Amino acid sequence: MTMSNLSNESSTDEKNLSKDKASCLALRERLGDVTAASAALGINRGSGYRRARSVGIRRPKPHPGREMFREQRATHSPRREAAALAGVDISTAVDWDKGIRKSSYRRFYPDGCVIEYTRIVNRTPTAQAIELAALQKQINVRYLSLVQRETIRELYVAGGSLRTIAALMSRSPSTISRKMAQNRQPEHGEYQPYSAHRLAAGRRPRPKDSKLHTKVQLREYVAKKLGVRWSPEQINRVLIKEYPTTDTMRASPEIIYQALYSPARSGLHRPRHEVTHRPSTTQTTKKQRGTPITIR
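Position 3 of the sequence shown, counting from 1, maps to 3 under full-length UniProt numbering, and the rest follow consecutively.
Hint data in this document are derived by calculation from the structure and do not stem from the laboratory.
For clarity, every value in this text was computed on a predicted model and none was experimentally measured.
Just so it is clear, CB atoms sit at the ideal spot from N, CA and C, and this is done for glycine as well.
Worth double-checking, as some hints may not be accurate.
To be verified - The following label-pair restraints were derived from C-beta to C-beta distances:
(1) K208 to R80: 35 to 41 Å
(2) R203 to L168: 23 to 29 Å
(3) S103 to S252: 18 to 24 Å
(4) V238 to Y109: 23 to 29 Å
(5) M169 to K241: 37 to 43 Å
(6) C113 to R142: 17 to 23 Å
(7) S145 to R45: 52 to 58 Å
(8) G42 to Q217: 45 to 51 Å
Full structure from sequences and hints, please.
Set out below in structure tokens:
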């Protein structure tokens, strides 16, 4: 191949790149995102993102109504009115107010926490039994030891207030109050150190059974609403309205998303029209690939 041929090919590549850049930028400006631009160009989304990166498009274009939403909120307009003017639903408005970003089935919180809804387990792990010696051992200074629970009991029986007990144990009063309320004897309501330690240790093993797996009525309700294409956020809000005093009928959006992507643990099978990735016939779930994300 001669130098002139190489020069011609290089010139042709530069022209094509300039043409691609112009078409990508024009379509992205008009359509608002790379996905829509890719569809207009007749290429798949992966190729569209690669082409966008090659021509200098690195970040997605922000929602056109986000700046208007910020201006309305800066003037103390109600969130619902600001969302209506910006053309978004109230759940998106809440995320904007909290600084939450969404990308590829992930939610990024301002404190660095990342929640991923598409993580799938390949098998159902089971909690292992804990021996008595392990129950009495203090795992971490964050957890109350058996000796500390005995101290709480003695001080409380002697008439000490929760604030006094908390100050002597270098804990917050809310922690002492919460631990005593969680681990009281259900029969007579008294706080006993040994029984409290057993109750706390019983909640310690991980992983726990899924809430939708253990509560049949809740699982059937969620499955019914998913069958008519309700979102987990809608199901969560309606559960609170229909069962305001029933604590067992509660399911956060995160619980429902995790149940959908891990049916082996929850017993909740994803509706057929919602299945986007079918695993191969040799495995029951999709294997996780890539670097796992640390969720704090």
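Checked hints:
1. As the Cβ distance of K208 to R80 is approximately 36 Å, the hint placing it in 35 to 41 Å holds.
2. Judged by the Cβ atoms, the range 23 to 29 Å given for R203 and L168 holds: they are separated by roughly 25 Å.
3. Under the hint 18 to 24 Å, the C-beta atoms of S103 and S252, about 21 Å apart, fit the expected range.
4. As the Cβ distance of V238 to Y109 is approximately 25 Å, the hint placing it in 23 to 29 Å holds.
5. The hinted window of 37 to 43 Å between M169 and K241 holds, with their beta carbons roughly 41 Å apart.
6. Distance hint check: the CB atoms of C113 and R142 are about 18 Å apart, consistent with the given range 17 to 23 Å.
7. At about 54 Å, the CB distance of S145 to R45 agrees with the hint of 52 to 58 Å.
8. The hinted range of 45 to 51 Å is satisfied by G42 and Q217, whose Cβ atoms lie roughly 49 Å apart.
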